Every structure is written in C-alpha cells, then in structure tokens.
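Asker: Could you put the whole structure together from the sequences, leaning on the hints where they help?
The listed protein sequences derive, respectively, from chains A and B. When you number the first sequence by the working numbering, it's gap-free, plus one each residue, and the end is 221. When you number the second sequence by the working numbering, it's gap-free, plus one each residue, and the end is 133.
These are computed hints drawn from the structure, not numbers from a lab. Note that the structure is a prediction, hence the values are computed from the model and not measured. Here a beta-carbon is modelled for each residue, glycine too, at the ideal position from N, C-alpha and C. Incorrect hints may appear among the rest.
Just some of the chain B residues that point at chain A, by a computed CB distance under 8 Å [as the list claims (entries may be wrong)]:
| no. | residue |
| --- | --- |
| 1 | 29 |
| 2 | 30 |
| 3 | 89 |
| 4 | 92 |
| 5 | 101 |
| 6 | 103 |
| 7 | 118 |
| 8 | 121 |
Chain residues, written in single-letter form:
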Amino acid sequence: MALADQLPQLECGRTVEDVWANAAAPANQHEQHCEYCQQARHNLRRLQQAIQAERSLPPDPQQEPSGRVRAGIMSIVRAEIRHGRRIPLEYPPVEQPAGNTQTGSLTDAATDDTADAADPELAITEYALAEVIRSAADDIIELRARRIRLTPSPQRSGPEAEPVSVQVAISVSASASSSIPELAELLRERITVAVAEQVGLSISRVDVAVEDVHDAWAS
Amino acid sequence: MPGPADPPPADLTGLNDKLTALITAVDGVDRLHPTLRRAVATVAAGVLHPAAPWSGRPGRPGQPGLDLSRHDNQIDVVADLGTTADHPAVTVCRAVRQTIQNTLQDAGYRPGTITITVVNVAETHQTTL
Numbered sequence: 003m004a005l006a007d008q009l010p011q012l013e014c015g016r017t018v019e020d021v022w023a024n025a026a027a028p029a030n031q032h033e034q035h036c037e038y039c040q041q042a043r044h045n046l047r048r049l050q051q052a053i054q055a056e057r058s059l060p061p062d063p064q065q066e067p068s069g070r071v072r073a074g075i076m077s078i079v080r081a082e083i084r085h086g087r088r089i090p091l092e093y094p095p096v097e098q099p100a101g102n103t104q105t106g107s108l109t110d111a112a113t114d115d116t117a118d119a120a121d122p123e124l125a126i127t128e129y130a131l132a133e134v135i136r137s138a139a140d141d142i143i144e145l146r147a148r149r150i151r152l153t154p155s156p157q158r159s160g161p162e163a164e165p166v167s168v169q170v171a172i173s174v175s176a177s178a179s180s181s182i183p184e185l186a187e188l189l190r191e192r193i194t195v196a197v198a199e200q201v202g203l204s205i206s207r208v209d210v211a212v213e214d215v216h217d218a219w220a221s
Numbered sequence: 005m006p007g008p009a010d011p012p013p014a015d016l017t018g019l020n021d022k023l024t025a026l027i028t029a030v031d032g033v034d035r036l037h038p039t040l041r042r043a044v045a046t047v048a049a050g051v052l053h054p055a056a057p058w059s060g061r062p063g064r065p066g067q068p069g070l071d072l073s074r075h076d077n078q079i080d081v082v083a084d085l086g087t088t089a090d091h092p093a094v095t096v097c098r099a100v101r102q103t104i105q106n107t108l109q110d111a112g113y114r115p116g117t118i119t120i121t122v123v124n125v126a127e128t129h130q131t132t133l
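Answerer: Next up, the structure:
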C-alpha cells in the first residue's frame, strides 16, 4: 500500500500533506475553488502561527518529544484538519436586542457565549456527518459516492432553541443498468433517514449530481 | 456533596475521572475521542512536570476527549466524543450536556461554556445468538 493511501484524505481526494506542501505559496488553481482545501489551508495557517509562537521561545532539548509521541501528535493533527467545520446540532435561543435585559444569570451568559453560530455548543464535525451520508449512499449497490458538500441552515434569532437543517450536495457514479431518476430518489430517501436516525438533523434538500456511469458488473 | 460553605476542591482530577465515567455511561456514547488540544496538554504536562502528573495540581487534567478549564469557581468543558448510530447524536449530546451540568453543580462548581463535538458516528453491530 502506498504511503498516500494511508494518509487521511480531504473530501476532494487530496491529502493534508498535499495542502501543507503548498501552504506557504498562494493557493493554486484547485485550491482557489475547493472549499475543503481552503478550510485545510486556513487550519494549517493557524497551526503554523502556533508553531512560530512556540519557536520564538528559548530552545530546551528536554522538551523535545520522542519519535512515538511526535508520530501520535501528527496522527491527531491530520485527523483534526480532516474533520473540517463544526456543523451545529442545534442553535441556542438568541435574545432579541430590544428585549435584551442583562440579569447576569448563567442562562444569559451562556446565550451570549454561544450566540455565534461559528462556534456552537453542540456540533458534529463535517467529516463525521459526511461519513454518515457516504455510508447511506454506499449501501445502494448501484451507486458510488464521491464528493459531499454540506450547508447548514443559517441561525435566526428567537427565544427557543432552533433545530438545524442541512442541505446536501453529493456527486456519484451510477451503474449503467440503473434508472438514474429512481436512484436519485432512493438516495435522497436513504440520506434523509440515515441523518435523522443517526444524527438527529433534518435534511432540507439533496442535490444529486451523477458525474460518471460505471459498468453494471463493477457494482 | 459540598454545601455553599464548602469551597470545591482545587484539584480537578477526581472531577475529570467522574465526568469521564458518567459521559461514557450515557446511552449512545461510544467513547471519548483524543484531540490535538488534549494531546498537546498531556505532552506538555509530561515534559514540564515529569515527576508530578496531573494529581494535586489545579488546571487542566487529562483524559482523552475531555478538557476542563477552571476560572475561579466556573468550569468550562470541552468534550469530543463518538456516538453510536442507533442513537441520534443531537439527543446524545443534550444528555451529555445535562450530565456535565449536573455533575459540576453537585461538585460545587458553576457550569461555564460546555462545548461538545461529535467526531465520529460508529456503526452498531447487532449480535445474533
């Protein structure tokens, strides 16, 4: 097995190492249009800043981790970058500005801290949710899932916790012997059920793009 | 349980162990997942305090997937976990959040920000007899 086969891949098929190799240079043509690479570049830049801050400290040989520790850390680094965005599992209540009364209670503090949709209290990683969808798609023998893109619904202000719905865009390869409209409908149903049962999110829309057709025997 | 007059202990190790046990006992929790944040904290602890692991020190005791930080009497919690496919992740996370809040309050702390992230949904394998 080639080394590249053992490295975690982004949804676009590139490895974190591919992105890292070009991290210091301007985004290449692929990276300019690929949201997964853009997210990985953003995360790697933050990692690089942390490394530079650490390097500015006086060197201490006793702080050098062993090879095993270093390998363990790098394994987790790759996994974290691959995990992608945190997709909210719920939106907390958001106080209306006009009715906002500062009582100093715990509830108010928690609401203020979590009102930023970019950092929800309860979330699932983009990778984990995509894997649920990929698994649902791969259960259909005539299909092979390729890229998956997820777009959570935006947060709205309101006094109650708000459920989150997700739009899914999935590209697939379909068996040549299958009816593509029927397959697409089956795929939508499987994805909606799997995400509801396993994650608890609702699916607002599933866009299916059949990018390729493969021989029926290959299914 | 400590009363209002009893300040909660400075050492978070016991609280961390208790939270770990309670979280992993919640229906639908597969396991706590190690993260970079936790790994770095653990390595830093081993390098900076090789003879004095977490016990006896306040701050950020280590369990994979669970990170506690204390600000006066308030505890912020970050948990990264895997759930099982037979339980909706959102329901599991709410139960975990409630467990954390109850445990912190019972221990005499004020729950701060509780951030929970599902990093994996594990397939459930049915066993047949």
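Asker: Next, verify each hint and record whether it holds.
Answerer: Quick rundown of the hints versus the structure:
no., hint, in the structure
1, 29, "19 Å, violated"
2, 30, "13 Å, violated"
3, 89, "5 Å, holds"
4, 92, "3 Å, holds"
5, 101, "7 Å, holds"
6, 103, "13 Å, violated"
7, 118, "6 Å, holds"
8, 121, "5 Å, holds"
In the structure shown, a violation is registered for the earlier hints numbered 1, 2, 6, in ascending order.
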